[in-house]
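**Q** Following the hints, complete the assembly by docking chain H onto the known chain R.
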Amino acid sequence: MTNRIAELRKARKISQAELADGVDVTRQTIISLESGRYNASLLLAHKIARYFGLTIEEVFLFEEEETT
Amino acid sequence: MRDQLKKVFPYVMFAAAWALILAAFLLGERAPKPILLALYTLGGMLMGFGAVGIALSCIHRSPEQQKEYERGEHDERNVAIREKAAMSSWYWTLYMLWAAFMVIQIFVGGLWGVAVSVVIVLHCTFYMINIHRWNKRM
Numbered sequence: 001m002t003n004r005i006a007e008l009r010k011a012r013k014i015s016q017a018e019l020a021d022g023v024d025v026t027r028q029t030i031i032s033l034e035s036g037r038y039n040a041s042l043l044l045a046h047k048i049a050r051y052f053g054l055t056i057e058e059v060f061l062f063e064e065e066e067t068t
Numbered sequence: 069m070r071d072q073l074k075k076v077f078p079y080v081m082f083a084a085a086w087a088l089i090l091a092a093f094l095l096g097e098r099a100p101k102p103i104l105l106a107l108y109t110l111g112g113m114l115m116g117f118g119a120v121g122i123a124l125s126c127i128h129r130s131p132e133q134q135k136e137y138e139r140g141e142h143d144e145r146n147v148a149i150r151e152k153a154a155m156s157s158w159y160w161t162l163y164m165l166w167a168a169f170m171v172i173q174i175f176v177g178g179l180w181g182v183a184v185s186v187v188i189v190l191h192c193t194f195y196m197i198n199i200h201r202w203n204k205r206m
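Chains R and H, in that order, give the protein sequences. This note's numbering puts the first sequence at residues 1 to 68. This note's numbering puts the second sequence at residues 69 to 206.
Take these hints with a grain of salt, some might be off.
Some, not all, of what chain R presents toward chain H, calculated at C-beta under 7 Å [what the hints assert, rightly or not]:
1) V25
2) T26
3) T29
4) N39
5) L42
6) F52
Subject to a maximum C-alpha distance of 27 Å in a straight line, what follows is the list of computed DSS-like cross-link-like pairs (lysine-lysine) [to be verified]:
7) K152(H) / K135(H)
8) K135(H) / K75(H)
9) K47(R) / K13(R)
10) K135(H) / K10(R)
11) K75(H) / K47(R)
12) K152(H) / K204(H)
13) K135(H) / K13(R)
14) K152(H) / K47(R)
15) K10(R) / K47(R)
16) K135(H) / K74(H)
I should point out that these hints are in silico values taken from the structure, not numbers from a laboratory. Where a beta carbon is used, it is the ideal one built from N, C-alpha and C, also for glycine.
So that you can see chain R by itself, here it is in the shape it has in the complex (with noise of 0.2 Å):
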């Protein structure tokens, strides 16, 4: 699973901190998050996607290998 996070994040000029303060989540998971290490919760997913206003399948990219 790919993540939109950091992309959207740059476009609207949010720092990771207030990403992390918007969603309760610490900054480190923010940055686990851009760079791949840590797949998000579908929780966590769907607060990320209602900060940026979009949904979840805007936000994080599921590749079709990993579902079979």
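**A** The following block gives chain H in isolation, referenced to the frame of chain R:
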């Protein structure tokens, strides 16, 4: 009530530690050696836990730092890290217990072998009990 107990508990442990060590010191030669050893060991452990508890309770955080600390406690990545670390620790403890069991069986034998095998059984039993508990919860 619970918060108050949490605050008092380290001091109780610290006081109990001193009481145990003092008791061991006063008993001196009159008590059997294993009892003295148990008193000193338990006293030392309680002193360690008590002192750490007291030191932690003395740390004052600003509201922002407190918020960050609480966030770190509930952060889902931190929770996942703790769960993975706990699982990994469980396996490592099991391997070490098995190694100790083999060494004891080869070189020592007797009751120590039985004691270690009981610990291994308990270690696995607690694991299975917790799996059952969480299976019902989730």
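**Q** Which hints from the list above does the structure break, by number from lowest to highest?
**A** Of the numbered hints, 4, 5, 6, 11 do not hold.
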